[in-house]
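K.L.:
Each chain, letter by letter, is given below.
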Amino acid sequence: MLNDKPDVLHGSLALMVLRTLDTLGPQHGWGIARRIEQISGDALELNQGTLYPALLRLEQMGWITSKWGVSENNRRARFYAITRAGRKQLAAEAQSWERISEILGRFLGPTRGSL
Amino acid sequence: MIRLRVLWCRLFGLIRRGDLECRLEDELDFHLEMEIANNLRSGMNPQAARRAALRSFGGVAQTKEVYRETRGLPVMEILWANVRFGLRMLRRSPAFSILAIFCLTLGIGANASVFSWMEGILLRPFPLVAHQERLMAVAGTNRGVPGHDDVSWPDFQDLQRNCTLLEAFIVDRITGTTLSIGERAERSPASVVSANYFDALGVHPILGRGFEPAEDFGRNAHPVTVISYQMWQERFRGDPAIIGRTQMLNGMPHTIVGVAPAGFYGTFVGWAIEFWVPLSMQELFDPGGYKLTDRGARWIEGFVRLKPGVTPQQAQAEISAVAERLEAAYPATNRGRGIHLYPLWQTPSTTRELSCRRSESCSRWRFWCSSSHAPTSAVCCWCGLLRGVMR
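Sequence lines, in order, name chains A and B.
Position one of the first sequence corresponds to residue 48 (the numbering used here), numbered consecutively onward.
Position one of the second sequence corresponds to residue -19 (the numbering used here), numbered consecutively onward.
The set of hints was computed from the structure by calculation and includes no laboratory data.
Even for Gly, the Cβ is constructed at its ideal location relative to N, Cα and C.
Since no wrong hints were added, every one of them can be taken at face value.
Chain A side only, calculated, beta carbon under 8 Å to chain B, not exhaustive:
(1) GLN95
(2) GLY96
(3) PRO100
(4) LEU103
(5) MET108
(6) ARG122
(7) ALA124
(8) ARG125
Chain B with its partners taken away, still in its complex shape (with noise of 0.2 Å):
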């Protein structure tokens, strides 16, 4: 209590400087002033008294000295001091400041731009979409095969019904559409995905309607499309009565359902996705015929998005035994096959798309590498370029 009193007073001491300053000099002089008349009253001659005050009184200065440092903050004066000397430092020499100061700003600003990089590429690699630390990557692993590959719809939707530890399941599987107007084809960034998708991310769509239950079931039964902000607003101009109108899609006409908010690119980093049709309409999007039914047709890329407070393990856990459990119902296409979760920045279908597919540590490994790295090193660069200066 007592040492928070001294730190204010302390403080106030270092704003009300001027005002303290006087008053010490007052005081001081005061005191000399009493000690002179004194002496003199006790019949020394002027000069000896004042030599005498002086002398009793032990070191003006010295005085002065202990009261200002007692006054105010040592440690915030000194830095103010050194703030002030290295400003004036700045100001003799120019041209060496605005190179210094060019310097560590392009240093500095490389370093902010890769870290939040690495923010959005490895951490919440998906604008828009809510509670990404609960959402993971799912994909399917053979046993005795290093890797991963795909996940098919039964699969899934046994998974979906059999796990209680995870909220959502969310299929996405990226694929391109052919997209006419007029008498223009144009290729489309687009995905298939469960009808639970937008409902699911916690993306809803400023016009009409994400997808509704019914339209992932039946084949090529439901040929509507959430088209992308970007889509509406460009090639749409931002038609408002857009709902309800219908698009040509890999030659089949689509009604547009709904639009996805502006800043919304889907799920898949690196893409901005155009379309999105539901599963059922898996045979027209997707290449090698109608999967729906197949239980060894594997070809889905998914999220799941854990309830609050379980943990990866857990899920994963809950996962594999599952997985298990379809392994010995169904001996014939799920033999050896377990299912896997990853952290979205291990999103299998990202990386490899990136180019690295070899093994899943290699991917972890160069991910690292690249990202953690080019902040630092960035640095580094821009101070060896001004210590070369320096010299």
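Pulled out of the complex, with its shape left as it was, chain A reads as follows (with noise of 0.2 Å):
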């Protein structure tokens, strides 16, 4: 799975969900959407459907674990919760996103007066 790309949104999805947990720490579904919506701000437009599907894969995978708990509201929620091995993932994944948007910065950056 590890070198099996899907497409960007769907990679950068898992990515951003693996980096939520890591800062904010355990989190229901909702309140990671919450998050990714408000840093990304309104600039994706993100399913909140598609992200359940991707949590049960960061899950399988064991990047991710999950546990009832109660909300903010007092309600019985799902809490995710990033592992070690997740961490590991993330800064692997991470630096290859970098590794990327340094390599399309170099394409689309501003070299038109050089060509």
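Given two chains presented individually in distinct reference frames, assemble the corresponding complex, making use of the accompanying hints.
P.N.:
Below you can see the structure in the form of structure tokens.
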């Protein structure tokens, strides 16, 4: 699964989830969705529904765990937390994203004059 | 590692489908509720808040579907659905179902029986005999003449003495015996065998003993016999004191020295041998006079057992070399003589018995034709029948 790169948005969603859980600690699905939307502003049109299969997939890979807890409004909610393997994965993926965006930056950057 | 883990999770998801479905419902409900509450806080009316929540969620049903696919093993679930569908269809038309099951049962049954028959006849023809994969039949050949005949006892002994790749040489000449019990006389299948017969085949008499090396020698000097289990049970009523009793065979009293184990029928496909007598009794059982000292008298049908790891080709090469030496040493009797090894399913004496004596290629051809086509055609037949009914 590691080398199995789906479409960019898909992969980036997993990365965003891992990052969110790494920063904020255990969160329920809605919390994660809110956070992603907040961080990205209105720039990203996230179908919140796609979050849940993604969470399940991350859990199957062992990068996050989940358990029932009580939400801020006293409701039963499923809370997700990042695991150690998840942190490692996050670090690896973040690095690879940085590299990719750097490369793309070089392509798209202000080099028109030199062409 | 991760793949394995995912597979495991999915298998688990397959089993705990119910629990996980509840979890999904609860989670999505909670999500929508939170979203609606949030929208209300930002000043929407309840209806608009709900609509907005659903819109930003983007399709509850689709989400559930994707979730389910991720959770379990879709292939397995589809397979299971198909099985259930199949069973429902079977129940819908029971008469046809019964007919179909009946046809397939017969087809598969016929198939299985032919294959086990093939296994029995061709690959492991002799019940109870150990290591049949290393056993080969041995026969004599004449240069320029197709087919094969038998081997003389002096030649057989020379082979035995000079071959290092073979563990055992076994003589087995099928014959009949006239068995007299009181006033009655009956024919019974018997075998003249070398003294090593039972030991070399790994068949151990359940009472008494097999033959002793000395019993190979001396003209009609050892009137002893090992009887089959069936003979012991039926004619001697399982008499525990059978050893040492005498039985008239071909008009001569023989001492019963052993009883073969149940299920051992000798080493001749198609016959259940009831008496075994040692080689020294050849003259009494095999017509044509005393042959044990005559290199020109070819009467022995036999087997060899290869030593472990020896290929048939290696064994054949060694045997042929010895046969050539014999030819040079005894030109009068052995000119043009060869010795050939055959796999058990091609045992010359057996295939000869099965009435295909013209040539080796002929017997092989007929054997494979009959045995390998029968099961295939049986199943084809039944499938055809079924198709006819379905129209």
